[in-house]
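A.B. asks: Sequence:
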Amino acid sequence: MKGEAALIRFLVKVVMNGIILVPLLLWYTEATVFSAIVATLLFSVIAYLVGDRLILRTSNNLVATVSDAILAVVYLWAVSAVMHWSLNWGELLFTAVLLGVVELLYHFFLKRFDTEDERERA
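Per the UniProt record's numbering, the sequence shown starts with residue 1, numbered consecutively.
Hints are computed from structural coordinates only; laboratory data are not their basis.
Just so it is clear, the structure is predicted and the values come from calculations on it, not from any experiment.
The C-beta atom is built at its ideal place from N, Cα and C for all residues, glycine as well.
You may find that some hints are simply not true.
[Claimed, not checked] Distance ranges between label pairs, derived from CB positions:
id	residue 1	residue 2	range
1	18	61	16 to 24 Å
2	8	90	32 to 40 Å
3	109	81	17 to 25 Å
4	94	12	21 to 29 Å
5	54	3	29 to 37 Å
6	112	90	30 to 38 Å
7	37	88	18 to 26 Å
8	59	11	39 to 47 Å
9	34	111	28 to 36 Å
10	54	12	33 to 41 Å
Use the sequences and the hints to build the structure in full.
C.D. replies: Structure representation (structure tokens):
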């Protein structure tokens, strides 16, 4: 049951990030659909492991959300440099802020999901 919950959380994160990141990468950069999807999946894995499994478990929602937004800036900057995408700082910051808002909603979902799960066990 615990593994299923972690998988559901990860899949929700991938979908939420994909809804935001794939279209913006296609719009702002020279990314192909495949490279935008791969970049989004890799970002989602890193953000889930670092932000949700490590930082959120040991701190609070605000710290995890800010760290996810900072991670988005660093990751997207690095990927755009490696892939030679023309992602400027304005586009990068807009994307990171949007991802931060999505992460805030996602962390709220996690907290609510955990609370409902605890009620079912009692």
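A.B. asks: Would you mind marking each hint as holding or not holding in the structure?
C.D. replies: Against the structure, the hints come out as follows:
1. 18 to 61: 16 to 24 Å: 22 Å, holds
2. 8 to 90: 32 to 40 Å: Holds, at about 35 Å.
3. 109 to 81: 17 to 25 Å: 32 Å, violated
4. 94 to 12: 21 to 29 Å: 23 Å, holds
5. 54 to 3: 29 to 37 Å: 18 Å, violated
6. 112 to 90: 30 to 38 Å: 34 Å, holds
7. 37 to 88: 18 to 26 Å: Distance hint for residue 37, residue 88 holds at roughly 22 Å.
8. 59 to 11: 39 to 47 Å: 24 Å, violated
9. 34 to 111: 28 to 36 Å: Taking Cβ atoms as reference, residue 34 and residue 111 lie about 34 Å apart, which means the hint holds.
10. 54 to 12: 33 to 41 Å: 18 Å, violated
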